[in-house]
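**Student:** So you can see what is in the structure, the chains are spelled out below.
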Amino acid sequence: MDSSSSWALASVLAGGLATLAIFSFLIKENGFYRFFEHLFIGIAAGLGPMLIVRDFLWPTILEPMLGLTVVTYPDGTHPEPYQPLYLLYLIPMAFGCLYYFIYSQRYSWLAKLVIGFTLGASGALAIRGFFSEAIPQIAGSFKPLVVMVEGNISLMESFNNILFVATLLLVLNYFFFTFGKEGSLQGKMAPVGRPLLMVCFGAFFGSTVMARLALLVERVQFIVRDWVSAVGTFVGIG
Amino acid sequence: MVGRRLIYLLMILAVGLPIVFGVSQKPSRLVSAERMYDVVEQVRVQPGEVAMVWFDFGPNTIAENEPQAQVLLEHLFRNRIPVVLLSQYQQAERFLAKIPNDVAKRLEAEMPGQQWRYGEAWVNAGFRPGGAIFIQSMVNAADVSKFLGRDVNGMPIAQYHTFSSIGGVERVKLVGEITGLVGVFDNIIQFFQKNDYRPTIVHGCTSITIPEAYIFLDSGQLKGLLEGIAGAAWYSEVIKEHFPKSENKQLLVTNTALSAAHIVLILLIVLGNIAPLFKRRGLHHG
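Residue numbers (my numbering), protein chains in the order written: chain D, 1 to 238; chain B, 239 to 524.
It is worth saying that the hints were derived from the structure and are not from the lab.
Where hints are given, some of them may not hold.
[Stated by the list, open to error] Facing chain D, a subset of chain B residues (Cβ under 10 Å, in silico):
#	residue
1	M249
2	G286
3	I300
4	E302
5	Q329
6	Q353
7	R388
8	N391
9	G392
10	Q428
11	S445
12	I446
13	T447
14	F454
15	V491
[To be verified] Calculated Cβ distances over 12 Å to all of chain D for the following chain B residues:
#	residue
16	I245
17	D276
18	E304
19	R366
20	A380
21	R436
22	I477
23	T492
By construction, the Cβ of each residue, glycine as well, lies at the ideal position given by its N, Cα and C atoms.
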């Protein structure tokens, strides 16, 4: 068995053990479960910073800036020369580092510059994103209440559209808190929005349960197919 | 206490027995998955044009997202549409490498003599940090190949013949987004567009996000949708109708196990609601 397959086998064995340990909580709280829970929290905490350095800071910023991405042909020439403009990355990096002045009472205003810049950029992105996302949806809610297909009324599609528009208006009306008095049509129609919302929440809850069951299916598949055969290989009967 | 454990045992048996015995049922028809098949089927690419598929999922949602990624890639590979794979999610790296290899191997076994090679059929641009800012920059780049720079192996993407001259983002003929994360999906919907360019976007979502995904499907922002495992299962059935040698047994077993768990859950909910009625009636008579 070569080192890569040994490593794969060890990964599957450890994965199965961790899965069973977490599932053991279903029987009762126990030390086996508690150990793997702490292990998971530790791995998750360590993995985040490591991935930021490995996947972003090093390949995107430091490697090109230090000229380590420049390919050298055997004859000593380079297809792309080093770009000194990469050094400009130092400016935003230095600006970003100002955030650490948040720990200084005297210079904490420097951190506010970074926070202000971040808030401004995020706000601008959010506004642009909102319009890109919401306007097609508002346009999509303008549906014909009578749908004609090849000269005939499509009852099903018409019913769907009427139901959609009615639900939209009734739910919007339910959240209308500024004016409208009890006894007015708007006031009378407001409670109708509530059961429609409950149907929506039911759909959300049902789909959440389905997703959780899908996770269970995947774990059981892993245990039955991968882990059991890995255990067989490990003890020499696979 | 015993009742709770009995419920857990029933659920594990409901899920486990179909998997152990390999029981599979034909999945239910899902119109949105069929729509997605038709959309992908209609994609035609000229040299340099590509599909871009985002694997924005990690181990926490592989149960649903991995089968979706497999069936979408299988369809694109069968139609010889070059695919740029990338992710906004760090934990997707393993799947960006594994899934296209698995699909290529399966297709090569099905069709001896044909090949799907890295650098021709697909390229793995890996995890790309920056989310919305990265997408917005890519959309405005003059050449997507040069903007992406290097693949996960450190090779310049422009050095692969198929991906050497993608040009502007308009040459991305299909965008696939496989994720259970609402935020990263929103990034694609909100920022993967320009004034004169609205891509064809298809989406594989987890069950939790189905109700939200329907909103985008209804407004036309999405052209096709795979709803959890069931969506992937029906998509694989549609592929099988067109390519009878396509292998989807494992996916159907998974879908059947999920259905079995649903049946048990529904029975338990019904039982849980009826039992107190009988108990109350018993108390009255007692």
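**Student:** Quick check on the hint: B/Q353 CB to chain D CB, less than 10 Å?
**Tutor:** Given a least distance of 23 Å, the restraint on B/Q353 is violated.
**Student:** Is the Cβ of B/T492 farther than 12 Å from every Cβ of chain D?
**Tutor:** Incorrect as stated: the minimum Cβ-Cβ distance to chain D is 6 Å, not above 12 Å.
**Student:** Taking the shortest Cβ-to-Cβ distance between B/I477 and chain D, state whether it exceeds 12 Å.
**Tutor:** 21 Å, holds
**Student:** Using Cβ atoms only, decide whether B/Q428 comes closer than 10 Å to chain D, and label the hint accordingly.
**Tutor:** Cβ of B/Q428 sits 4 Å from chain D, so the hint holds.
**Student:** So is B/A380 really clear of chain D, every C-beta pair being over 12 Å apart?
**Tutor:** 17 Å, holds
**Student:** Quick one: work out the minimum CB distance from B/D276 to chain D and report holds if it exceeds 12 Å, violated otherwise.
**Tutor:** 18 Å, holds
**Student:** Should the interface hint for B/F454 be scored as holding, given a Cβ-Cβ cut-off of 10 Å against chain D?
**Tutor:** Where the cut-off is 10 Å and the nearest Cβ of chain D is about 8 Å from B/F454, the hint holds.
**Student:** Quick check on the hint: B/I300 CB to chain D CB, less than 10 Å?
**Tutor:** Holds, about 6 Å.
**Student:** How about B/S445: closest beta carbon in chain D under 10 Å, or not?
**Tutor:** 4 Å, holds
**Student:** When the nearest CB of chain D is found for B/G392, is that gap smaller than 10 Å?
**Tutor:** 8 Å, holds
**Student:** Is the interface hint for B/R388 satisfied, with its Cβ closer than 10 Å to some Cβ of chain D?
**Tutor:** Hint on B/R388: holds, closest Cβ of chain D at ~8 Å, below 10 Å.
**Student:** Please check whether B/M249 passes as an interface residue: C-beta within 10 Å of a C-beta belonging to chain D.
**Tutor:** Constraint on B/M249 satisfied, holds at 7 Å.
Consistency with the previously given hints fails for numbers 2, 6, 8, 16, 18, 19, 21 and 23, ordered from lowest to highest.
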